[in-house]
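K.L.:
Protein chains in written order, with this note's numbering: chain A, 41 to 344; chain B, 41 to 344; chain C, 41 to 344; chain D, 41 to 344; chain E, 41 to 344.
Just so you know, nobody snuck in bad clues.
Identical copies go unnamed one by one, so any copy, or any two together, can satisfy a pair.
Okay, derived cross-link-like pairs now, DSBU-like style, lysine-lysine, Cα gap no bigger than 30 angstroms in a straight line:
| no. | residue 1 | residue 2 |
| --- | --- | --- |
| 1 | 272 | 133 |
| 2 | 272 | 222 |
| 3 | 243 | 225 |
| 4 | 116 | 154 |
| 5 | 272 | 225 |
| 6 | 243 | 154 |
| 7 | 154 | 225 |
| 8 | 154 | 222 |
| 9 | 243 | 222 |
| 10 | 243 | 151 |
| 11 | 151 | 225 |
| 12 | 133 | 225 |
| 13 | 133 | 154 |
| 14 | 272 | 116 |
| 15 | 151 | 133 |
Hints listed in this document are in silico derivations from the structure and should not be mistaken for laboratory results.
None of the values given here were measured: they were computed from a predicted structure.
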Amino acid sequence: MLTKVRYSVKDMTLWTRWETSGFIAYSFLAVFLYEELELTFLAVPWTPIALVGTAVAFILGFQNSAAYGRIWEARKVWGGIVNTSRTWGMKTKDMVTNEYATEPETEAELKEQKRILVYRHIAWLTTLRYAMRQRKKWETFDNHFTNREWSNAIHIPEKVLPIEEALFPYLSPEELRYTMDKNNKSTTLLYLQSNHLRELKEKGLIWEFSFLELENLLQEFLTFQGQSERIKNFPYPRQYATLSYIFVMIFIILLPFGIVPEFSKIATSLTDNFPRISEVFTWLAIPFCTIVSWVFHTMQRIGV
Amino acid sequence: MLTKVRYSVKDMTLWTRWETSGFIAYSFLAVFLYEELELTFLAVPWTPIALVGTAVAFILGFQNSAAYGRIWEARKVWGGIVNTSRTWGMKTKDMVTNEYATEPETEAELKEQKRILVYRHIAWLTTLRYAMRQRKKWETFDNHFTNREWSNAIHIPEKVLPIEEALFPYLSPEELRYTMDKNNKSTTLLYLQSNHLRELKEKGLIWEFSFLELENLLQEFLTFQGQSERIKNFPYPRQYATLSYIFVMIFIILLPFGIVPEFSKIATSLTDNFPRISEVFTWLAIPFCTIVSWVFHTMQRIGV
Amino acid sequence: MLTKVRYSVKDMTLWTRWETSGFIAYSFLAVFLYEELELTFLAVPWTPIALVGTAVAFILGFQNSAAYGRIWEARKVWGGIVNTSRTWGMKTKDMVTNEYATEPETEAELKEQKRILVYRHIAWLTTLRYAMRQRKKWETFDNHFTNREWSNAIHIPEKVLPIEEALFPYLSPEELRYTMDKNNKSTTLLYLQSNHLRELKEKGLIWEFSFLELENLLQEFLTFQGQSERIKNFPYPRQYATLSYIFVMIFIILLPFGIVPEFSKIATSLTDNFPRISEVFTWLAIPFCTIVSWVFHTMQRIGV
Amino acid sequence: MLTKVRYSVKDMTLWTRWETSGFIAYSFLAVFLYEELELTFLAVPWTPIALVGTAVAFILGFQNSAAYGRIWEARKVWGGIVNTSRTWGMKTKDMVTNEYATEPETEAELKEQKRILVYRHIAWLTTLRYAMRQRKKWETFDNHFTNREWSNAIHIPEKVLPIEEALFPYLSPEELRYTMDKNNKSTTLLYLQSNHLRELKEKGLIWEFSFLELENLLQEFLTFQGQSERIKNFPYPRQYATLSYIFVMIFIILLPFGIVPEFSKIATSLTDNFPRISEVFTWLAIPFCTIVSWVFHTMQRIGV
Amino acid sequence: MLTKVRYSVKDMTLWTRWETSGFIAYSFLAVFLYEELELTFLAVPWTPIALVGTAVAFILGFQNSAAYGRIWEARKVWGGIVNTSRTWGMKTKDMVTNEYATEPETEAELKEQKRILVYRHIAWLTTLRYAMRQRKKWETFDNHFTNREWSNAIHIPEKVLPIEEALFPYLSPEELRYTMDKNNKSTTLLYLQSNHLRELKEKGLIWEFSFLELENLLQEFLTFQGQSERIKNFPYPRQYATLSYIFVMIFIILLPFGIVPEFSKIATSLTDNFPRISEVFTWLAIPFCTIVSWVFHTMQRIGV
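Just need the whole structure built from these sequences, with the hints factored in.
P.N.:
Written as structure tokens, this is what we have:
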């Protein structure tokens, strides 16, 4: 979803090559029927088509705006995870101390406790990353042949390495086993963090009020996790997506029957000066229809 | 409101079959009067109709945008309930302890207290779910025949199981009776939670400052509950909905009188080459009008 | 502002009957001059009018969008007052206790203190409600004859019962007198709450940290009150409202001179087949102009 | 920026009288060249102009939407200052007490301390108000002759009374002198507040935790101050403003060459029936062009 | 990105001189082919082009709206940094005291500690500023010749002074060396701040609860830093940018073939009255095409 390279025109062409072929074939058919078989009754007045086109452009505009809003929100959530993770590092570093301890620990032992807290946090990040990569049934991205092609071209680590191995360096063997048994691994790890904090507090290694602060950081992580899941699980409302798809298809289906007659009219007006060009001029409707169809279809495809 | 399957074209057709029939009948009538009875004065200049169409498309665009905003906000509230519920689980688990107790309780007793807090929370979720399913008088969803059909097809547990039975496993008999007597059951349950927390605090099972944190979680639940009620109780402002409905109907009523003459013109131009097709060509205005009416009407229906 | 019933077409017609009559009269005049007095020079090219119409539709779209945003925000503020009021009930109930008191009070006395806190809160809600109903000089709602009619039809308690009587059941006689003397009654009541909390804290009936929490709730009420006042006192910027009104009037004034000639053209084309209808056809421009004017004018009126 | 009276049509006319005169002169010129000197080649096809007009209407719509957003945000900030100022009053009133004091002060002394805190707050409000009135170099408001006229008509106290006199009643002589020496007077005053709170805390007149709460209120004031400065200092991005200005000018320059020929066509068609009117009809393009230019130009001017 | 001067028309012209030349050349070519070589078959019906134009205007509108949103958000983040920096100054000033110290420090020593905290904060601001100036590979700004020219004209200190020298006055030699070794210098400095606060707290120079408040300020700085990085690192989604670029290019490529024939028609109609002007009239399509292309292209370029 978040790609960073600039797409070249070539990429765009490749990515949309199937639809483009379809549009060419369809407008070829329309011109062929109208021009060669002279079925000139295959005509639709242009102005109502333009009205439908304007209405569809509106809808696609709003849809793209909503899609952009979703991407932007997703980016904010991940940005928030980064910020709060850094805060986690900073606060555990300076809030796990011997200051209030009844039986002070050695420096090494304190360091070990901090290491566990940070590594378990990395484990949480890992489980969250894997959860975000799971396929949902309405994610039609991979169904589309060219999308599948695309995602094969880029390397996705979550599809290669099993989650257990990815978590191995960051959790103790017992915690790893315990986590793997659970359904929602991310929530489990945050509960383990909370439990650990509580033990440290009871030993006096964390001051009671620092404990409250750190618990609130865990609450923030739960919130970010829930937001990620929400954006993942709640697609653009299906009724809108379906409808805008149908509208675009209706527009594309009507288009050639409105455009071909217009080109035909120009062709007729050319008969005197350019008899040979006049014969083939109507065929120029093919690239023209293809371009307009492509613009609308790509706008729709990108916005879902 | 939150459906997750992709609608097929067939679903769409079924769902809108009554309007579609109406549009077909209406445009049939228009063509019949114009073509068969030759009442060719039933014509309206097209360009002002196009202007009305553009204006209506604007309004529908904004309306859909607002409707999407409402769905998205609803989804955020429910997401927030999920996150804070997990936090409730985490914090009650690690904040109900013997650490500050004057007379420590047994481990089993502590566990029981935690169980009650969590089960009562589930009861709150249940009452909230039931409250959200109650019908409001402006929810015209069920009035529409095809919508009723649709909602019969999907199983809604809240319409089958009485709320008392749904709450039974999660509350003690006294609390269940007490809650059932109250009007706003959700608020009642949160007040019971608060009361319980206070008792635990007075026994020293919850540290005084943890008590403040947990009370603030209850405040968050009250906020989420109020937000759910607000979204439920405050529909899209009626004056807008009525107006956009009237605008769409005006547009649909005018449409055939603008489109039929345009088709008729093309028909006339075909008389020489295709005498037979020319006779029936104007009837093609029927599918065309139907499609345009359907696009605008469905946009309006989906946006309310 | 927040009406909940669905407006029927009849309501709409009644509500807008004066403008509608004006539009009918105006377009009648235009047709009369053009058709009967044959002042056919009263014509304006249609396409620039269409451009003005599109621009105006755009402006009205944004204006309605902003108006909807304001209503929605107002609804959020009132929803927030509901949520925080419930929290106030919950927290005063469980935070006013004998636990930290130096000289414990009787249960009845504690209950009385809680009652005063809650009743004074109801008094605050009442003063806020009355403040929201006061007329501001830019609220032109009542100036419009049909709006006044409408607001007479619905019963508004704030216009019937004086505020002093409305507050009587909720305040002690001294506090009532003290409040009535003040200009901003709502702020006064919250200051009284704060003062009361402080006394309870000094007696030890509220724990010092609970006092901070409750003070913060009062701060939230001050915020909600200020937000209500802001939405009440800051209308949709006047320059926008004036401008969109002028734009709509320009469009409506130009409209008949663009539409009547178009109908006249069709009328001319009907002379051969329907000589009698041809004579009266141009008069059909009257309902058509009226409808388009009505659509734009109502959009403008509803959006302010 | 925040005016509350409804502009009359007369105000609007006065405010825009220079542009309006310009538009009249310009379209007069266009008609004169076309009609009197018969330079009928001064014609531009209308449809591309309409496209430019639509595009410009879009841009102006978005620009006005952004401008409205800025006004609304400014209003929120000032509303927030009001709310938090009331909270400041409430909290200083009930948090400066003898309760935790080692050496209790007299009631009069306590009252004096509270008075100083509130008066210094009023001084802060004053400095902020003056800072908001300072002119920035991109504020072209006063450059425009009619705007200057307008602002002379309304009385602005900040331009009459020097800031030193305005602050005099609210600060002690030393603090006044200290503040006047500083560049950012508002920040200075909040630092003085913080210092004062600290002294009160050290004497025990403010409980340590109340001190934290009050410091956080000061932080809120710093935030509101910064937001005011941001809105003041960060105008609508200049590149957008420049561009939309250029677009509108292009549209206005092209307009008469598209409209005059259209009127001329109608004039020609009137030659038979109304020979005298036909001669002057084209001159009607002048008011028409003026109105359309005025609509677009005023939209642009109001949105910046 | 945040420029404050008003662009003059001259600046605009210079900045876009390359595209403008291209548009002139391209439309010259189109007119030349059509008019001189009389290849009059190089014509495309205008109305579908207008539809594409409207759709493109809509997309550009949304894109500019999103771009404005990003600039506005960036401005908010920097405004937030200013506000919180002032708070940092205020709170360190009044929270680093001898009040809770076990072994009080001299006034000079306290002042030195505060100085270090404030200077290290300035160092953090510096590293953040440098990080924001680093080039990213999708920032095509400098690739564009005229943009590079522009940025050479304004002096950017971050490109002249190495970061080490910029930090030198604000950090001790050891901290400077330590920071320069790290990858994310800003995070490192905030960790150092946290560590310093902790030491001060352990010496009792900061009260334990003030320590929590100050740590939360550091958390805010981490958040602002992360937000800056997010806005810097997450460009406007590339697929949108690419698509809107392609759409605009398609529109610009089609444009002359729609406009030239329209001018040619007018030219023909002028043959009788102005034979000489008629010959050259079609060439007027060049400035016209150039202007329309320029409007759309500049809208696109400014919005990315």
